[in-house]
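Undergrad: Mind docking chains E and F on chain X? Use the hints.
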Amino acid sequence: MSAIASSPVQRNRKLSSRTVFGALQHVYIWIWLVLFALPFVVTILRSIQDVDGGHSFAAYQQVFESYRGNLWFSVKVTVITIIINLLVSIPGAYAIVRYTVPGKRFVLSLLNLALYTPGAVAGISLVITYSYLFHIPRTTTGLVGAYVVGTYPLMLVPIIVALRDLPQVYEEAARTLGANRAQSLFRVELPLLGPGISAGILLTFVIVFNEFLVTLFIAGPHTTTAALTVYNLTRTGFLPSTAALAAAMQLISFLVVLLFFRTFGSRYLKGTFLI
Amino acid sequence: MSIPASTQKDAAPSTDNSRSRERRRRLTGPAMVLPALLVTVLFSIIPIVYLAIVSFTEKSSFFFRNTTYTWANYSTIWDRYLPNLETTMRLALLSSLIDLIFGYPFAYILIRKVRYRELVRTLMVFPLFGPLYLAYGLSYIFLPNGPLSPVLEFFNIPATKWLYSEPSTLFGMMIFTFPFMVMNIGAALSNVDPMLEEAANTLGAAPWKVFIRVLFPLSYGGVLAGFLMCFGWNLGVFVVPVLLGGLEQQRVISLTLYSKGMSQQDFGMASAMGIVLMAIAFIVTWASLRFSRGALGA
Amino acid sequence: MARVRLEQITKRYGATVAVDRVSADIREGEFITLLGPSGCGKTTTLRMVAGLIDLTEGHILFDDQVVNNIPTHRRNIGLAFQSHALFPHLSVAKNVAFGLEVRGGMSKGARNARVTEMLEMMELTGFEERVPAQLSGGQQQRVALARMLATDPRVLLFDEPLSALDRNLRDTLKYSILALQRRTKKTAIYVTHDQSEAFAISDRIFVMNKGKIEQAGTQLDIYLRPQSEFVANFVGDNNALRGEIISISENGADGRTAVVSANGYTLSAFCPPDVAVGDNVLAFVRPENIHVLSETDGRGDPTVVEGTIEQIVFEGPTVRITVDAKGFPLKVNVGGAERLTLIEGGQRTVRLKLDEVTLVKSNGVTL
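Protein chains in written order, with this note's numbering: chain X, 12 to 286; chain E, 149 to 446; chain F, 10 to 376.
Since the hints were derived computationally from the structure, they do not count as laboratory data.
A hint or two may mislead.
List of simulated lysine to aspartate or glutamate pairs, EDC-like, C-alpha gap at most 20 Å [unchecked claim]:
1. Lys335(F) to Glu315(F)
2. Lys115(X) to Glu170(E)
3. Lys340(F) to Glu297(F)
4. Lys194(F) to Asp73(F)
5. Lys117(F) to Glu129(F)
6. Lys117(F) to Asp161(F)
7. Lys103(F) to Glu183(X)
8. Lys103(F) to Glu200(X)
9. Lys103(F) to Glu182(X)
10. Lys335(F) to Glu353(F)
11. Lys219(F) to Glu16(F)
12. Lys261(E) to Asp341(E)
Excised from the complex, chain X in its bound form (with noise of 0.2 Å):
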């Protein structure tokens, strides 16, 4: 590799090798990307297509109106866990990271059972127990429960990580500045805690909003969600209706990741295999 000795025309060829394995790489990249998004790209684009070819919103009217319920419902479950998830994590990080629990690794492993369990199988434990043991059949308290269960320790680790870049000093300052353990809670300790927070309530909206397998075993018909309702459609066939609705839901789900990432950034969700 003596570049001294190199003519000019050995040497341009060189850099040019290099300049093409560089792009090459860039266009591998690029590839994958594009073939994450095509399936989405391709479905809005169903979306829009009109029955004589041409181009309107007509299919997003018709969901709005027909599917208008089961999208309100998918929002409201999704809250609902959403809070739920909050009260059960949030004591839960801090017992783990300020306070003694025995067997501590042990109990977390048990706590992140349900991320190991496949969907069906979930669902089919899930429909036998709320049937014949709990006697809360295709109710809306199943649904929740099932939601919670399998997103809460996706919750509890970016609220973790925060409480563990939460430097205990501070708890100590508002202590020996007179707040009392309330007062430190709400007005120190959550406020800086609130991206780790955040990123926990991202994380389950986007999962609760668009889980259908589970909710395909423990739903009835007055408890159909938004996204077994696409499901149910894409066994039809490939009308734009079914693809608005599909639409749809990512668009919501992406704009709220988009908020997100804008926000905060994407330091919290590192440990949730997703960053």
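TA: Frame of chain X, contents of chains E and F only:
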């Protein structure tokens, strides 16, 4: 401020109060984790235990008077449903391998070369939305007379070959779990100092050698973790075979389980299948977390 | 403005004793420092006074009131942390007002007035809306002080507040802290491992080691009359010789003088009350109290020591020589004009007179 005033120097020893405060502090931890434990016990553990019990009963006899306990469900799985298990494992294994082959270079380029990592990260969030939309969109793309057909006609490929086949199912599965692989390998690679590669270069190792002797051994943990994570997830695949697969692909356990349990009300069999699937997936995912960095709760 | 009494306070972590029966009586308005090396228990003691750590045994009293069982947020103390601990999500003004807001009982206007007053006192007027991240280290620490004083605590506690700052800042701020304490006349307990810091600002110093108070006294007490081996070595530089008491003579009001045979020397030293003839003692003499004699001085004085110069270092205001006298190295600081003579003289041997030797009863353990 209500402060108990004590003018006696030799008041009650401070040990009593501090010991009860110690006790309270020791109980606070478990108390705060109790809600989480309760939720898991109620909605995860009890259902699975229940499932295990039901798996030993015949059809839906558990829920009625004369419950018959039997091994029959498991023996039937062994006798009749082995092909289903085989399909499930094969699809999961193949798609995870494909993830590995294409995911490793992707992760490498992402970590070492490309500067728009934030953009890629944002796009990689799509799997969070679930495989439904992905499978649906793909099935539309591959549809005969769909948007891809003009391209296929140009290349003289019969359109029907694409959809409802093993390749399309594998593709759908692989695309969905791709980010899992990339994240795990990426995490491992970012812990490998680029100077190590440079050092190997200066010592005379060609890129291929650098990979075999330096990169791969150092990122092995991430590779393993990613593979196992993808494998574990793909074992439980449901909607991708439904929308993209043919009859053979729809033999996967999750689908069989669904039809047995929900359509035929054969809860005994469905539970047995669930237990078998759970056991396999559990072992795999547990192993993956042991090797992965930044695993949940770490 | 409270009198603080520590009565036999002890803190045990399992088998380890972090603080071992520490007692102290701190007068109202006094500024005392807990001085000692890392791990000596000074921070643990301070945190017990603050209520952040529970006592295993003992009592803490503020003005005759036992405060052991009063939780931190109701003890009405102020604590300055090493890392300033300003709330990153609140502005300077909100930080300073924090203690006032959580206690309630003040109107918004009164709170604002107090905040302004505090910031003025710390020379930070105009910084109200800034965020901690925008301030320099010194400014942050001053905001922390303003925040601490805003609530008018009865005791001020300082947990090595200056150790994270650079040298110059430390020197200026320590006097600001002292001035603040004098102005507000509050009782202050300060923790540091830096001896010069302690000496500069304290009324009294408590030297701590391994969980116990080794000696409590003024700067002079501690420096000139160390009562233990540890204090003699920890505070300032010292030479230590092992010896035995040969005789003791009473000097009436001046106490007793002992004649000590140490390392082959005969020394005359001030004798503490607990020492008797025949006892094993450590004789301490500070480098600045060893005087270099000329050829002719002190002939015939049995306490004069002769030795060879091993090393000479010119330190600027002093010259430090290490002398080998009868096999024992002595560190000597020479000041004034004679230090230059020493440097330029090129002599190999010196004759030394040891002054102000203090004795500490030895427990036989080697230094």
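Undergrad: Could you run down the list of hints and mark each one as holding or not?
TA: These are the hints, each one checked on the structure:
1. This hinted pair checks out: Lys335(F) and Glu315(F) have alpha carbons roughly 8 Å apart, not beyond 20 Å.
2. Restraint check for Lys115(X) and Glu170(E): satisfied, since their Cα atoms lie roughly 19 Å apart, inside the 20 Å limit.
3. Distance check on the hinted pair: Lys340(F) and Glu297(F) sit about 9 Å apart at the alpha-carbon level, within 20 Å; holds.
4. With a C-alpha separation of about 19 Å, the suggested pairing of Lys194(F) with Asp73(F) holds against the 20 Å cut-off.
5. Distance hint between Lys117(F) and Glu129(F) is fulfilled; the C-alpha atoms sit about 18 Å from each other, no more than 20 Å.
6. For the hint linking Lys117(F) to Asp161(F), the alpha-carbon distance of about 17 Å falls within 20 Å, and the restraint holds.
7. A distance of roughly 17 Å separates the Cα atoms of Lys103(F) and Glu183(X); the hinted pair therefore holds under the 20 Å criterion.
8. Only pairs whose Cα atoms come within 20 Å are accepted, and Lys103(F) paired with Glu200(X) is accepted, the gap being roughly 15 Å.
9. Distance restraint check for Lys103(F) and Glu182(X): the Cα-Cα separation of roughly 16 Å lies within the 20 Å cut-off, and the hinted pair is therefore satisfied.
10. Pair hint Lys335(F) plus Glu353(F) does not hold up; C-alpha atoms about 25 Å apart against a cutoff of 20 Å.
11. Restraint check for Lys219(F) and Glu16(F): satisfied, since their Cα atoms lie roughly 18 Å apart, inside the 20 Å limit.
12. Between Lys261(E) and Asp341(E), the direct Cα distance comes to roughly 14 Å. Compliance with the 20 Å bound is thereby established for this hinted pair.
Consistency note: the structure conflicts with earlier hint 10 alone.
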